[in-house]
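This is what each chain is made of:
2 protein chains.
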Amino acid sequence: MSKIAVLGYGVVGSGVVELFYKNKESILKKAGKDADIKYILDIRDFSDSPYSEKFTKDINDIVNDDEVTIVAECMGGATFAYDFVKACLLKGKNVSTSNKELVAKKGAELLAIAKEKNCNFFFEASVGGAIPIIRPLHKCLAANQITQIAGILNGTTNFILGKMINDSMDFSDALKMAQELGYAEKDPTADVEGHDACRKICILSSLITGKHIYPENVYTKGITEISLRDVKLAEKFGAAIKLIASVRKLDNGKIIPMVMPMLVQYESLISRVDDVFNAVMVCGDGIDRAMFYGRGAGKLPTASAVLGDVIEQLKTEGSGTDMAQTWVDCDNSEIVADYKENACRMYFRVTGGKDLMPAGSEIVENGDELVFVTEKMTFAESEKLEAAFTAAGAEVKAKLAVLDM
Amino acid sequence: MSKIAVLGYGVVGSGVVELFYKNKESILKKAGKDADIKYILDIRDFSDSPYSEKFTKDINDIVNDDEVTIVAECMGGATFAYDFVKACLLKGKNVSTSNKELVAKKGAELLAIAKEKNCNFFFEASVGGAIPIIRPLHKCLAANQITQIAGILNGTTNFILGKMINDSMDFSDALKMAQELGYAEKDPTADVEGHDACRKICILSSLITGKHIYPENVYTKGITEISLRDVKLAEKFGAAIKLIASVRKLDNGKIIPMVMPMLVQYESLISRVDDVFNAVMVCGDGIDRAMFYGRGAGKLPTASAVLGDVIEQLKTEGSGTDMAQTWVDCDNSEIVADYKENACRMYFRVTGGKDLMPAGSEIVENGDELVFVTEKMTFAESEKLEAAFTAAGAEVKAKLAVLDM
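Each protein sequence line maps, in turn, to chains Y and Z.
Its first residue numbered 1, the first sequence is counted upward by one per residue in the working numbering.
Its first residue numbered 1, the second sequence is counted upward by one per residue in the working numbering.
There are no misleading hints in this set.
Using 25 Å as the maximum straight-line C-alpha spacing, the simulated BS3-like pairs for lysine-lysine come out as follows:
| no. | chain 1 | residue 1 | chain 2 | residue 2 |
| --- | --- | --- | --- | --- |
| 1 | Z | Lys-106 | Z | Lys-254 |
| 2 | Z | Lys-115 | Y | Lys-315 |
| 3 | Z | Lys-211 | Y | Lys-315 |
| 4 | Y | Lys-117 | Z | Lys-315 |
| 5 | Y | Lys-249 | Z | Lys-24 |
| 6 | Y | Lys-29 | Z | Lys-254 |
| 7 | Y | Lys-211 | Z | Lys-315 |
Source of the hints: derived by calculation from the structure; they are not laboratory data.
Excised from the complex, chain Y in its bound form (with noise of 0.2 Å):
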């Protein structure tokens, strides 16, 4: 009988916990063996448990009983989780994970240390949330050559904008809203500045080049400054103002990760994905494209990723790294290239300067501010055409790329 460790009893640990024994007796059917949670670590008290025999404080019950082969770490960060998912790997248990800061910040490492010690680091659910994303890209979608990848990976900010575009809240009441409901932190910055969407692009990209991608090396910009009158205005466009994560081969093998605010035209049903869901599209050579879609965060929604990846150890164990699920270091400005050689489509919103108004533009209002359109440009471009602007006296109000997929 396999021993499970479960590192962490918040809201994913709990979720794994309770999901497994509501389940447990299908998740050992598709497993294939019998299987048990021996320990669940965390440093609070949880005596009135119907679990607490399982309970422990220190993370060496769990490291050094050799009878554990699966640990699911769900307690987040950088730190303690990168500490403790380390000492586990090097003693060749396998370990799942739903910690995208962990997996983004020290993936190849802990990759390298599954390698070498012939066990695995599974991350489906730092990803996504419940979506199927990692295991169907790497798996699935192998025989493809993967060209691009975009989608809507953070769920508080998905809410924030939604309230923005049906209920015409503006950022602040929506982001109360959302911190109200839950769904946003105290401290909202990792959400609304895009760091979170920017730690998942990374663990995308990472994967479809196998080569660790940093998120500092991620151009990332949050939806902060998006305002009402943009929502608007993308709207009388015929498109949705989306937090776009979003990755691109370029045919000399380099890829452009990025995050930024984009206008989504309603033909994309990334545009449709509404409240705290996420999705994901994907191009590659022979599916042309597919999405994912589902949601992102939440108790038995990431639970369910996390235990998929255990019942996937489970029926596995032993039979050595899944080598299709990994990825190597290396010196990113090698791979990375500038985000300005990509290019999109180009919203502005800028008082006067009209003459300035690239030919082939198309104009959205033109009252006491010129809202247009462009034909495709580089990022290179666009802020150029920025500069232009400002120094013939006109303010460019904003400034937002089109996504086109």
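Knowing the structure of chain Y, use the given hints to seat chain Z on it.
Leaving out everything else, chain Z in the frame of chain Y:
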């Protein structure tokens, strides 16, 4: 080095060969071993093909060649394909197929042989074309009890309905266009009568129950009776008419699989799935719901799914049968409940008999015809209501269920 045989060099089979050689390097890297296509089976002459030396007209060349451990069946139909797949499995060869008719009719038998011979019979490509759905269902979502699946599983009918919705074409003109574009066959019965979607929902139903569900036990209705008038009235109600294949698990463990045109309200992403695309919404007790979207057919999309299976077989060959992707034969009367027990809101278009309209109904239009949507009722109740209208001298011009997910 593993040797692969491709059965059938039609649209899908030639796509498998093309995509394999296009991405051979990355495919073998992901598989972690060397492999090549040794045989292509087709009765036609391909002596001008760059792969001419691989062609054979004799299945025994493949069956009796012990070097061949993996077979990709892309012939279609359940006669020759059945004999050939069975012969390969009996020799312990792993088979992957895009053939939904074969899986829906003979899955239990072929899976039993695979189990006996310690190999795998995979069929990711048989449902949703390029869309990863089979593997995500039984791997990534393995911790869930799947409670409901509903989706668009036939691209041809979705194209036809799309032309009716967006371009106000009537059914026969839209069908003609689909035939001209090669989306519909000369004899369109399997698509427009729902048989193709039925086979696919049988496969998904079998996967979530572990019991083979046969097509003849699935209530199936196609789109031939859908009128442009109902398409327009659905729009007024805020819904699109889509051909929905669905299965619902009841509390007593039985299931209700069915295929029928339904009103899908715009709030549901499924209503936004256009053109020949497919989408599958899955509900589970962990994930809440997730949706998978992509191309449901076509040369390279389907080939991508077949090769995803082949890569998995390359990675795992020799390690036994994956028991999570299997089911056994059963008496369907013990597991399939009468569709009449299913409950939905119901759309009615009637001439007269207004006093028979149930309380709580929403009136869509009240002119020469009375058009309304009821509160939730069973199909049995809806048939009683239909009979009551008829008895009162009113004609029921249309009756359609509303999808609630």
